[in-house]
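Okay, here's what each chain looks like letter by letter:
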Amino acid sequence: DVKVTQSSRYLVKRTGEKVFLECVQDMDHENMFWYRQDPGLGLRLIYFSYDVKMKEKGDIPEGYSVSREKKERFSLILESASTNQTSMYLCASSPPRGGFEKLFFGSGTQLSVL
Amino acid sequence: DQQVKQNSPSLSVQEGRISILNCDYTNSMFDYFLWYKKYPAEGPTFLISISSIKDKNEDGRFTVFLNKSAKHLSLHIVPSQPGDSAVYFCAASERGSNYKLTFGKGTLLTVNP
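Note that the protein sequences, when read in sequence, are chains A and B. The first sequence begins at 1 in this note's numbering and counts up by one. The second sequence begins at 1 in this note's numbering and counts up by one.
With the rest of the complex left out, here is chain B (with noise of 0.2 Å):
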């Protein structure tokens, strides 16, 4: 059973606008989110974090949102640039698990020039 759902296989959007990437859990055990990006034929890198103890994070032109009622999370990118095209992977640690980290599957975001 996946426990971190990206139901978006795919989002496009033009250049300046915002990019709104969805993520949603299952296990309430889940204490930390992370986003990463991935380029064609590069490992992922990571992006952005945000503790169950926030609502928000924001670094730059990313924020990211974490709704717990929901179990709910959501990426935002404001202006979004070309080079903003990747894949983006949600991912979620849970808490007593030291190690691990449980990834969804991913959505690819195209900027449009």
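For reference, chain A alone in the conformation it holds in the complex (with noise of 0.2 Å):
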């Protein structure tokens, strides 16, 4: 089974810090994501990656930066916190051409910004 690790479940920061949230998936997946669910707004994908060293701004990328050094790790970095970043965070992966679209999901972040 394809795992993909969040490695917090439960993260509580201040205004204005950086924030690391880091996602490692283990299928050698091409391509990862983060996406953040809020009520009423259902997933929006905020940064994806289909390779190394490669990334493309989703639907939300504001105030928000991405790194992918290795291919089966992806962070996501919040450069100065807000409140309005509350949110739960999701990583996924997925293979390349045709199956692309499943994606395997992480179990979230929650991340509360003070």
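Zero decoy hints are in this set.
Computed list of lysine-lysine pairs in DSS-like fashion (alpha-carbon distance at most 30 Å, straight line):
hint : chain 1 : residue 1 : chain 2 : residue 2
1    : A       : 3         : A       : 53
2    : A       : 55        : B       : 100
3    : A       : 55        : A       : 13
4    : B       : 100       : A       : 57
In case anyone wonders, no lab produced these hints; they're calculated from the structure. Keep in mind that this is a model prediction, so the values were computed, not measured.
Taking the hints as your guide, dock the two standalone chains into a single complex.
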């Protein structure tokens, strides 16, 4: 089974802090994604990466950056956390063409920015 | 503008009955559709999918129907079980967009014993 592991289940940070959310997958998937889930808004794509050192903006990239130095690891960075970034963050991975649509998600990180 | 719409935030059904979850889309370039299920404190898991060249796909108790002319798809669960209680997300991918899924807001299904 594919395993996508997010480093923290819960995080509490202060406004203005730099926050790192880490995600690791063990199935050698090329594609990795960061989504956030908010009540009434569903899942919204922040950033995705289809290869090491490659990244593309999703629908809501403002206030975020990402890093993919190794194939198995995809990090989401909040440069200066704000209260409107309080959310559930979900990392996902998928294989290349022929299966890319079927995302495998981690369990999520609930981030609270105070 | 929301391209994938799930207009029912919640649905409640009795165990053993049929659950029907609906999803509408506006982007005619979408050519592949998926349903994900999410339990509290867990990430979403893939449930079932359908290509735009089909109008029905079945997997056990789960069937997805696609009506391209109406830009509408539905997920049928028969018979519904209490363990099916979860949030269900409809998602779509666009022809030529190899990596990106667009999700709806989700529908909370509650199956009562």
